[in-house]
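**Student:** What follows is each chain in one-letter form.
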Amino acid sequence: MTEADLVNQVRGGDTDAWEILILTHQEAVFRLAYLMLGDARDAEEIAQDTFMRAYHSLDTFDAARPLRPWLLRIAANLARNRRRSLGRYIHHVARMARLNPEPVSDVEHDAARRAEAQALWRAVQQLEPVDQEIIYLRFFLELSVEETAEALNIATGTVKSRLHRALGRLRGVVASNFPILWKEQPADE
Amino acid sequence: MNDQPTLTPPELPNENAEKWEAAVQDTARHFAYPPTPDIAGVVRARLNPLPRRRLAHGLRLAWAALLALVVMTLAVPETRAFVLDMLRIGAVRIFLVEPTPTPTLSTPIEETPTSRPTRTPRATLPPDPTPIRSSLDLPGQTTLADAERQLGSPILWPAYPPGLGAPDRVYAQWLGGTVVTLVWLKSADSTQVELTLQILNNQVVATKYYPWEDGNDQLTEVNGRRAVWLTDVHEVFFFTPDGQVSRLVDGNVLIWEIGHLTYRLETDRSLEEATRIAESIQ
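Quick mapping for you: the protein sequence lines, in order, are chains X and B.
Be aware that the first sequence starts at 4, since it is given in this note's numbering, and climbs by one per residue.
Be aware that the second sequence starts at 1334, since it is given in this note's numbering, and climbs by one per residue.
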């Protein structure tokens, strides 16, 4: 059974089919919301609302296209709206300012890599939202250029040019504020 | 693991852009996300809250208990209503239901005929689901220091309205987790309640059924975070190891989170005033 078959079943009222689709995509949706908001509870709410909204809007979705970019587009819109609240944003910035990398691994090497990834996330957070989103989708969630274009509703060529500029700006932020990311690491394990 | 060279120094010339991009991608791959919660289970409950044969789909035990109560509650004619949606703020789940006649204090809730372990050291609400008419009828009156000990967290209270001061009464109950209730009276010798602030830790599972109609907007914000404002008469249920206890709530209620604690403010004041009180907690 294809994803399009499941989508059509959901349109017919089959919530079991919707649950399968949620289970398939919930991780990516939750992770994007978490990257954008920096708070697991907020991300959970956004993920829930994403699937509720998508369910009720499924008639507008083209089943011939992949579902994940569409879901991520909804999630990004919801997270963006949440972040727009000034109070929420200030809270977020304050939280980020005191955020420390979480202890996530007992393997020293993995811990170092994860600390670098955490620092990279914090560097990305200093970019404009439009730059953040394209980096999250393309590099953190590892969407293809085509999927990223679907999620952002832009052309693939635009994805490439925006990525190029966003990476350039990220490089500047890293240079200024994140020396941990400059440190030479062994090239091989 | 296919480790790329680490992020290249940013002063490298543009021809190294590909190397920079690869390094960013490789580093991002190691990002440690929080565990993905059970989105599917909650969305299913919001879409179709009736019990299903495939409940074992990763739902947690508390969630199963919650649905069991929905079934039990719907079986009671006075409270039968169709669940339209579900909101969650911290420890509190709010089922938005079709409007029904105003619930009464005599609404019976059947008890599960199971043996009950006793827990005497902590104050508990009565095992029978006797509705509580006033915050002042709560068991477990105690001191702030003891309530803090039971909650495992410092207790903060509002600085607004001016001169509010420390609460007149403090209660702590064990309802599957700790619920601390702070009560301010209209005057020192009064039995009329001015404000009631409840603080629930994240082990508590509290459920409300709230009549929903088009145009209602329960969602609001406290300190920029999602909060819920309820104004109609509604019941709140707490799940305990011994069964649940219902309580009719008559006033306006604002529900929000601070850290891992959930706050419920009961007041006759407006949403604007309630929000100001909530945001003054320090």
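Since the hints were derived computationally from the structure, they do not count as laboratory data.
Note that beta-carbon positions come from the ideal geometry of N, C-alpha and C, so glycine has one too.
Heads up, a few of these hints could be off.
Cut-off 20 Å, straight-line C-alpha distance, at most; resulting in silico cross-link-like pairs (EDC-like, lysine to aspartate or glutamate) [said to hold, decoys possible]:
no., chain 1, residue 1, chain 2, residue 2
1, B, K1352, B, D1371
2, B, K1519, B, E1599
3, B, K1352, X, D52
4, X, K163, B, D1359
5, X, K163, B, E1599
6, X, K163, X, E145
7, X, K163, B, E1354
8, B, K1519, B, E1590
Cβ pair distances, simulated, as ranges [stated by the list, open to error]:
no., chain 1, residue 1, chain 2, residue 2, range
9, X, P182, B, K1352, 42 to 50 Å
10, X, S147, B, K1352, 29 to 37 Å
11, B, P1487, X, A66, 47 to 55 Å
12, B, Q1536, X, R56, 52 to 60 Å
Stretches of chain X that chain B covers, calculated by requiring three or more beta carbons in the stretch to come under 8 Å of a beta carbon on chain B [what the hints assert, rightly or not]:
no., region
13, 15 to 28
14, 151 to 161
**Student:** All hints, please: hold or fail.
**Tutor:** Each hint, compared with the structure:
no. : hint                           : result
1   : K1352(B) x D1371(B)            : 37 Å, violated
2   : K1519(B) x E1599(B)            : 14 Å, holds
3   : K1352(B) x D52(X)              : 38 Å, violated
4   : K163(X) x D1359(B)             : 18 Å, holds
5   : K163(X) x E1599(B)             : 53 Å, violated
6   : K163(X) x E145(X)              : 14 Å, holds
7   : K163(X) x E1354(B)             : 12 Å, holds
8   : K1519(B) x E1590(B)            : 26 Å, violated
9   : P182(X) x K1352(B): 42 to 50 Å : 19 Å, violated
10  : S147(X) x K1352(B): 29 to 37 Å : 20 Å, violated
11  : P1487(B) x A66(X): 47 to 55 Å  : 53 Å, holds
12  : Q1536(B) x R56(X): 52 to 60 Å  : 31 Å, violated
13  : 15 to 28                       : holds (count 6)
14  : 151 to 161                     : violated (count 0)
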